[in-house]
Structure formats: C-alpha cells, structure tokens
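**Student:** What follows is each chain in one-letter form.
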Amino acid sequence: MADGIETIKGQEMKREKNDLQAAAEGIRVLLVDDEEGYVNVLNNRLSKRRFQVTTACSGGDAIKAARKQDFDVAILDLKMEDMDGLEVLKIFNQMGLDMKIIMLTGHGSQEAAREGIQLGAFDYLTKPCELHDLIAKINEAYTARH
Amino acid sequence: MVKDKNKNYYQSLSRNMILSTIIVSFTPMILVITILLQQYQVSFYEKTNAHLNELVQKHKQNIDTFLTEKTANIRFLAMTKDYETLNDDEFLQRKLQLLRNDYGNVFVDLGIVEASGLQTAYAGPLELENVDYRNAEWFQSAWQKDSYISDVFLGLRGTPHFIVAVRQNENGREFLVRATINFNSFNSLVQTLRLGKTGYAFILNREGAFQTQPAMDIPPDPDGISFLWKAVEKTRNKILITRWTDDTGEADLYAAGSLKHGQWLLIVKQKVSDAYADLRRMYYLALVIFVIGAAGIVFMANYTTRRMVRRIRKTDREKEGMNQQIIETGKMASIGELAAGIAHEINNPVAIMVEEAGWIGDLLEEEDFAEGENLKEFRRALTQINTQGRRCKEITHKLLSFARKTDSTLKDVQLNDIIREIVDLSSQMAKYNKVSIETRLQKTLPYITASPSELQQVLLNLINNALDAMEKTGGVIHISTKISEIEPGTIVIVVEDNGPGIPDANLSRLFDPFFTTKPVGKGTGLGLSICYGIINKMGGKIDVQSAVGKGTRFRIWIPFQQ
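Chains X and S are the protein sequences, given in the same order. For the first sequence, position 62 matches number 62 in my numbering, and the numbering has no gaps at all. For the second sequence, position 437 matches number 437 in my numbering, and the numbering has no gaps at all.
Derived by calculation from the structure, the hints in this document are not laboratory data. Using N, Cα and C, we set each Cβ at its ideal position, and we do this for glycine too. Be careful, since some hints might not be right.
[Claimed, not checked] Short, incomplete list of chain X residues facing chain S, as computed with Cβ under 7 Å:
(1) Glu35
(2) Val41
(3) Asn44
(4) Arg45
(5) Lys48
(6) Gly106
(7) Pro128
(8) Leu131
(9) Tyr142
(10) Ala144
[What the hints assert, rightly or not] Label pairs and their computed distance ranges (CB to CB):
(11) Leu441(S) / Glu87(X): 45 to 55 Å
(12) Gln414(S) / Ala136(X): 33 to 43 Å
(13) Arg311(S) / Glu115(X): 26 to 36 Å
[Claimed, not checked] Below, a list of computed lysine-lysine pairs in the DSSO-like style, where the Cα atoms sit at most 30 Å apart:
(14) Lys79(X) / Lys376(S)
(15) Lys376(S) / Lys48(X)
(16) Lys443(S) / Lys376(S)
Could you put the whole structure together from the sequences, leaning on the hints where they help?
**Tutor:** Structure (structure tokens):
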C-alpha cells in the first residue's frame with residue numbers, strides 16, 4: 001500500500017514540473033483569501049509559473065484591487081472573516097467585471113459553492129487543492145473567457 | 001454492578017407481587033373453608049348426638065320393657081294361683097312350657113322359694129329342688145321387695161344368668177316365685193346394637209360389672225364408670241352423651257342411660273375416631289381442596305408474576321437500549337461537530353504547509369540548487385511533507401464526512417447498481433489480496449431514497465475493512481441484498497467475510513469514532529463511525545456479528561419507498 005502511494009506521488013511531482021513549463025504567460029490573477037500565509041505561498045508559486053498575481057487578504061481589499069485593475073481570473077475563498085465570499089461575488093457581479101471567478105471552499109461546504117455557480121462563478125475547488133488542479137482550472141477559465 | 005442491582009430489583013419485585021397475590025387469594029379461601037368446616041362440624045355433632053340419643057333411648061325402653069314384662073309374667077303366675085297349686089313341680093313344668101311357647105327360650109326355669117330360703121318346687125333343666133338360697137345375695141334382696149330382678153351372676157350353675165323374683169303373701173304365708181332368665185336372650189337385646197366399626201353397647205351395674213357380654217373384651221375403666229354414673233344421675237334419667245379419654249389416650253364417645261330404676265346403666269361406646277369418621281373425611285376433603293387450591297394459587301401467582309416481570313424487564317431493557325441509543329447518537333453528533341471544527345481549523349495550516357513545501361520544490365528546480373549535495377535528501381523530505389500533508393487532508397475530509405457535510409443530495413437509488421459499481425471498483429484491490437467478492441442480489445429491489453455517494457462510502461468502507469482483515473490470508477467476501485423479513489419495510493444488505501473475525505472486547509466499540517486496531521498511521525478509526533452516522537441518518541440500522549477465526553458479518557437495513 002505504502003509503495004503504491006509513493007508511486008502516485010512520484011507521478012504528481014513530474015506533473016508539477018510540466019505545469020511549471022506550460023504555465024500561461026501573463027494571465028492576471030486576483031488571489032483572495034484571509035489566510036495570509038496561504039495567499040503568499042500561492043503567490044510565489046503562481047508567480048514562478050509566470051502568472052501576474054495580485055493578492056488580497058480580505059473581501060474589502062479584493063474589491064479595492066478589482067476597482068483599481070482588470071483581472072482575467074479571480075480565486076476567491078468563500079469563508080473569510082470580514083465578508084462572506086458569496087457577497088464579494090455579488091459585488092463583483094454588480095461591478096460588471098469581465099473576470100472568471102474560481103471559488104475555494106472547505107471540504108463539505110459544496111452547497112455554498114453551488115450557490116456561487118448559480119451566481120455566475122466559473123467553478124469551484126475544494127481546499128486544500130493541488131496546485132496543478134488550480135493551474136488547470138485557471139487556464140480553463142482563461143480559455144473560456146477568450 | 002448495575003446488572004446485579006437490576007437482578008435484585010426484579011427479584012424483589014417478583015417476590016412482592018407473588019406474596020401479595022398469594023395473600024389476597026389465600027385469605028378468602030381460608031376464611032370460606034374454615035367457616036364451612038365450622039358449620040359442618042356443629043351440625044355433624046348435633047346429628048351424631050341426636051342419633052345416639054335416639055338409639056340409646058329406644059334400647060333402654062326395649063330393655064326396660066323386657067324386664068318389666070318378665071316380672072309381670074311371674075307376678076301374674078304368682079297372683080293367679082295359690083301356694084298349693086304353685087308348689088308343685090309338674091304344675092311349674094307346665095307353666096314353664098307355656099311361657100316358653102309364648103316367649104321362646106327366655107325363661108330357663110321356675111321355682112318356689114320359702115321364707116327359709118328353701119326351694120320347695122322347681123321346674124327346669126337342673127336338679128335344684130330343695131336347694132337352700134338362704135345365704136344367696138339375690139334371695140336376701142328379693143325378700144325385702146315385692147318384685148326383684150337380680151344382677152347377672154354365676155350362682156350355683158356356674159353360667160351367667162339373672163333372676164326375676166316376686167314375693168307373694170298368701171294368708172300370712174310368704175314365698176317367692178322366681179324365674180331364671182336366659183342370659184343369651186337378654187344379651188342379644190344389647191348385642192344387636194352396633195354402631196359403625198367400633199360402636200357397641202353393654203350394661204353395667206353400680207359396681208361396674210358387666211351385665212351383658214360386651215362385644216369387645218375390654219375391662220371397664222373404673223374412673224370412667226364412676227364418672228358416667230355421676231353424670232347420668234345429674235341428667236335425671238335423660239340420655240347422657242359425653243367423651244371420655246382413657247389411660248391409653250384414646251378418646252371414646254359414650255352415650256348412657258339408666259335402666260332398671262337406676263340400678264343398671266346402658267352404655268353405648270364408640271371410638272371418637274370412628275364416630276366422627278365422616279367428619280374426618282370431610283376434613284381430609286377440605287384439606288385436599290385447600291392444598292390443590294393453594295398449589296393452583298401459588299403456581300398461577302408465580303407464573304403470571306414471572307411473565308409480567310419478564311415483560312417489565314423487556315420494556316425496561318428496551319427503554320434502556322433507547323436511552324443508550326440516544327446517548328450514542330448525541331455522543332456521535334457532538335464528536336462530529338468537534339471533529340468538523342478541528343478539521344476546518346487544520347485545513348488551512350495544512351494547505352499552507354503543503355504549498356510551502358511545493359514552493360521549496362519549485363525553488364529546488366532552479367539551477368543554483370541543482371548541483372547541491374543534499375538535493376536528493378531535500379527532495380525526499382519534501383515528498384514526505386507532501387505525503388503527510390495529504391494524510392492530514394484525508395483525515396480532515398473523513399472527519400468532515402463524519403460530520404455529515406459530504407454531498408448528501410438525496411436521489412432515488414437502485415441499491416444493486418451501487419453495489420455492482422463498488423464491487424467493480426474493489427475487484428482489482430481484492431484480486432491483489434487474493435480475495436474474491438461474491439454477490440447474491442435479489443432482483444427487483446424497490447428504490448430507496450438516499451445519497452449515492454454516501455452509500456458508496458459505506459459499502460467501500462466495509463469492503464476495504466474486510467480486505468484489510470484478509471490481507472494475509474485471502475478469502476471470500478459475500479455481499480447480498482434482499483427485502484428484510486425481520487425489519488419490515490427495509491432492504492437488508494449483508495457484507496460477510498471469512499476473515500479472522502473481531503474479538504468480543506472490540507465489538508462493542510467498533511462504531512466508536514477514532515477506535516481502530518490498525519497500526520498508527522494506517523487507519524483513522526473513523527470509517528465505521530461514519531458508516532454508522534450515514535445509515536442512522538437514512539433511518540436505517542447497522543449491526544455486526546463476529547466470531548474469532550470464522551469471520552465477520554455486517555448487516556445494514558435501509559428503509560425503502562413504500
């Protein structure tokens with residue numbers, strides 16, 4: 001059993017390398033999560049893959065950032081302290097932004113994610129998610145936008 | 001301890017119930033039987049005494065009449081003939097013959113006795129002419145009265161007899177006409193009186209000597225006789241009925257009446273045990289009825305009480321079981337909430353850790369580090385962080401599932417389809433473990449309303465557990481479905497393996513969260529508690545039976561749509 005897991009891990013590591021090479025250049029990503037450590041490390045990893053990343057650690061910051069600048073894709077945590085992710089989504093909708101939104105939800109709170117999709121979000125990922133899944137989803141959203 | 005206490009409780013409950021039932025039933029029974037017996041006894045005594053009274057009275061009259069009549073015969077003889085006629089053997093012989101013709105063998109002989117005591121004439125079977133009776137007791141007594149009947153005595157002839165004598169005064173010449181009465185014919189008057197088995201009659205004189213041949217050869221008890229005489233005298237010639245216990249301790253019933261102007265006593269004696277035999281039979285009957293009734297009461301009290309207590313016990317146990325279930329459910333729910341909270345809190349730090357590890361991995365890709373001496377070791381450590389992070393994630397996911405926040409959308413589900421799907425999924429793994437999975441699914445099962453992913457989770461869990469258990473030995477997993485006969489309105493799924501089984505000590509904790517027997521890191525101990533939660537939520541039931549060395553059987557009942 002343990003051997004089996006190792007093998008799978010090996011494959012995943014390889015795939016991550018591929019992601020690194022195949023990263024889309026210049027996709028503008030707004031990363032919203034009230035967990036600062038998480039935002040920072042994702043920023044590092046995505047930036048390394050040549051995404052143009054802007055981070056926001058609260059709903060308010062995210063809205064400010066979106067006012068300031070256009071983004072292709074926003075990654076939005078649904079559970080934040082100051083403002084519910086869904087509220088931020090609604091505000092984004094009101095702002096009429098040309099931006100695809102990928103939601104991050106905790107495991108077991110898919111209900112909220114489904115509501116988000118009804119509100120016009122592109123898709124959702126369950127947190128913690130694999131980086132390659134996230135990148136694939138960003139690319140997908142970007143492609144869908146253009 | 002709790003069990004013992006309960007046992008005592010039910011024991012004292014049965015005891016109290018049995019006791020009160022018995023007391024309540026026995027009291028009226030005893031009262032009724034006692035009162036009836038009392039009444040019966042009183043009327044029985046009255047009846048017995050009345051019967052005795054009548055019997056003695058009748059015989060007393062008979063005997064008195066007999067004696068009076070014989071005396072009258074002799075008196076008539078003495079008065080109608082003069083001395084000269086009487087004092088003739090041949091005449092007496094004729095008269096004796098006439099009397100015998102009239103009365104049978106009652107008269108034995110006739111005689112004429114002068115004042116001197118000399119018997120001057122005699123007719124009878126013996127040679128008693130000229131016998132001198134001067135000193136005979138009867139003669140002395142008879143000479144002082146007009147008529148006289150002697151006590152029974154042996155006399156000259158040496159056989160028991162008694163004498164009837166009449167004194168006649170003819171012109172100053174006094175003589176006695178005497179007759180001897182056959183003892184047997186007199187005796188038969190009394191001897192025919194028999195009562196029950198032990199009752200017989202006899203006649204006593206003042207001295208307590210038998211005047212008749214008693215049926216039983218018992219010497220009369222002198223104390224008893226003087227007691228009887230006194231008592232009879234007190235009753236003034238009525239019939240006395242009394243009890244007397246003799247020296248042997250045997251109680252006798254006596255009925256006595258005086259005869260012959262208070263000289264003799266007619267006594268009927270019967271053993272009390274014989275006289276009251278019917279009464280005793282009645283006592284026995286009452287006793288038998290009482291014993292049977294008592295046995296019936298005791299049996300029924302016992303039987304019904306036991307049944308009732310068993311029922312109460314069952315109800316109590318069910319109640320206890322329900323309480324236990326409520327506690328269990330509550331426990332599960334609170335643990336679920338706690339687990340969900342922890343899982344949420346842990347999710348973020350774990351995600352950051354994994355991503356940071358990924359970030360280091362990213363950096364290691366850069367050329368500066370490619371030549372590094374410990375690169376391989378870094379890589380290994382990162383992979384390890386990643387692996388362990390993933391494990392954390394799995395745990396938190398399971399915890400969250402346990403808190404029932406998985407995809408729980410309800411659908412109409414065909415259970416057999418889900419089972420086939422899961423068996424397909426597990427077949428590769430099963431083959432690897434040398435385990436075969438066999439299914440026996442009832443066709444045309446009704447639909448159930450459930451979350452397919454939850455059902456999958458439950459089945460996968462059970463199959464994986466079985467596979468883990470039979471990892472070394474191999475074996476067979478049987479999965480069957482059918483409409484339950486025990487729990488109406490449900491489908492029962494049985495997942496059975498022939499693995500090593502689960503020890504009793506672990507069985508009761510099997511569905512507890514975090515209970516695992518797998519080595520650290522191999523199992524979270526949440527699988528079965530999640531299954532339990534899911535099945536419970538569906539309104540179903542899950543149980544487990546296991547025998548060490550034989551295998552384990554899980555049964556799941558899920559209600560179907562009616």
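**Student:** Mind listing which of the numbered hints don't hold for this structure, in increasing order?
**Tutor:** 9, 10, 13, 14 and 16
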